[in-house]
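Could you put together the complete structure from these sequences and hints?
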Amino acid sequence: MADPMKIRAQMKGDVTEVRVLMGHAMETGQRKDAAGKAIPAHFIQSMTVDVGGKRMVDAQIGTSISRNPVFGFKMKGAKAGDKVVVSWVDNKGDKRTDEATVA
Amino acid sequence: MKFSIVAIAALAAAWAGTALAQAKDPTIAGIEKYREMLGDDNPAELYEARGEQAWKKKAGPKNVSLENCDLGLGPGVVKGAYAQTPRYFADVDRVMDMETRINWCRMTQQGISEADIRKRPFGSADKPSEIEDLLTYVVTASKGMTMNVPSNHPKERAAYELGQAVFHMRAGPYDFSCATCHGEDNLRIRLQELPNLTKSEDAKRAYIGWPAYRVSTSRVHTMQWRINDCFRQQRLPEPRYMSEAVNALITYMAQTGNGAEYKGPALKR
Numbered sequence: 020m021a022d023p024m025k026i027r028a029q030m031k032g033d034v035t036e037v038r039v040l041m042g043h044a045m046e047t048g049q050r051k052d053a054a055g056k057a058i059p060a061h062f063i064q065s066m067t068v069d070v071g072g073k074r075m076v077d078a079q080i081g082t083s084i085s086r087n088p089v090f091g092f093k094m095k096g097a098k099a100g101d102k103v104v105v106s107w108v109d110n111k112g113d114k115r116t117d118e119a120t121v122a
Numbered sequence: 004m005k006f007s008i009v010a011i012a013a014l015a016a017a018w019a020g021t022a023l024a025q026a027k028d029p030t031i032a033g034i035e036k037y038r039e040m041l042g043d044d045n046p047a048e049l050y051e052a053r054g055e056q057a058w059k060k061k062a063g064p065k066n067v068s069l070e071n072c073d074l075g076l077g078p079g080v081v082k083g084a085y086a087q088t089p090r091y092f093a094d095v096d097r098v099m100d101m102e103t104r105i106n107w108c109r110m111t112q113q114g115i116s117e118a119d120i121r122k123r124p125f126g127s128a129d130k131p132s133e134i135e136d137l138l139t140y141v142v143t144a145s146k147g148m149t150m151n152v153p154s155n156h157p158k159e160r161a162a163y164e165l166g167q168a169v170f171h172m173r174a175g176p177y178d179f180s181c182a183t184c185h186g187e188d189n190l191r192i193r194l195q196e197l198p199n200l201t202k203s204e205d206a207k208r209a210y211i212g213w214p215a216y217r218v219s220t221s222r223v224h225t226m227q228w229r230i231n232d233c234f235r236q237q238r239l240p241e242p243r244y245m246s247e248a249v250n251a252l253i254t255y256m257a258q259t260g261n262g263a264e265y266k267g268p269a270l271k272r
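First to last, the protein sequences are chains E and L.
Letter by letter, the first sequence follows residues 20 to 122 of the numbering used here.
Letter by letter, the second sequence follows residues 4 to 272 of the numbering used here.
Each hint should be verified, as a subset may be incorrect.
[Claimed, not checked] Heads up, simulated DSBU-like pairs for lysine-lysine below, C-alpha to C-alpha not over 30 Å straight-line:
1) Lys51(E) with Lys271(L)
2) Lys114(E) with Lys158(L)
3) Lys31(E) with Lys266(L)
4) Lys61(L) with Lys98(E)
5) Lys98(E) with Lys31(E)
6) Lys271(L) with Lys31(E)
7) Lys31(E) with Lys56(E)
8) Lys56(E) with Lys122(L)
9) Lys60(L) with Lys114(E)
10) Lys202(L) with Lys82(L)
11) Lys114(E) with Lys61(L)
12) Lys93(E) with Lys61(L)
13) Lys60(L) with Lys51(E)
14) Lys36(L) with Lys111(E)
15) Lys93(E) with Lys146(L)
16) Lys102(E) with Lys266(L)
17) Lys130(L) with Lys51(E)
18) Lys158(L) with Lys146(L)
19) Lys102(E) with Lys146(L)
20) Lys36(L) with Lys31(E)
21) Lys82(L) with Lys122(L)
22) Lys31(E) with Lys146(L)
23) Lys36(L) with Lys95(E)
Source of the hints: derived by calculation from the structure; they are not laboratory data.
Pasting the structure below:
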């Protein structure tokens, strides 16, 4: 089971700033372990962010993203109290969904 | 004539000074901008969350949690404890830094053997060690507080003196001491600025920079690890984890750089 995500969603004027910290190994498949064996790829493949019930981000991401990635974006049209739901699925089928509210 | 030469020399020196400062600025500014972009989103938070669970979980041969561990402010008090370490602990009659103290609690309260604790103090990105999680949790509870490292007890002063002596002791194949790199202003390794740890201003900045999450290694490093790695860089024999010498060095730094606001685990390149 993956670590819980940390989600921050804050109103700054009429702009909402959403920032998500995900705990994931994001292994590229290119690295080798001490014994010289390739470490199998293990990375988040798709990620979605829903704000106030509306899909705001539907992203396909890959191995160029760092371990424990931080994903942030700004949007208009949300208001305080809106629910932010972030989900990801990795290439091994492991998934995680966390929520927060816009403050 | 002589006067103008002096004037030119002075001008040249001034120019060289500003050129040097300017040459340094973009990189430092770049690193600072990068930190600002990441803002509060420090992956150390993932360690903190795990650490909090580990703190409250019953573990070890005695199957107890660490919730009664005395970190200096009384049993079970975590908030603000880190800001007052390293300090003298009467129950062990020695000065300990926070990492040593948490491990001491794991040994005495949970019954984990010292050998087990020494086996793997520094984890990897794939497998963090438990102390890194626990320490990140404890230090985060002092976020926003002012470092108030005590130095009244004779043993706290003795640890400072010993730390200062170790700091200036030249040894190893390079005949290095800590002071070789950290005893002068404006030194650097490649593009990394080296703090002058004999000065309060620099020591403040450096001391609150640990423990830190390093993006290049994708994990949290502790101050004990930092000292260990400084010894490696000097090609000295590996210092013993939680030893008096390492704790003294940390105490020397902490007391020299006392009084800064602790901002939580740092984020480094």
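Give me the numbers of the hints this structure contradicts, sorted from smallest to largest. 2, 4, 7, 12, 13 and 14
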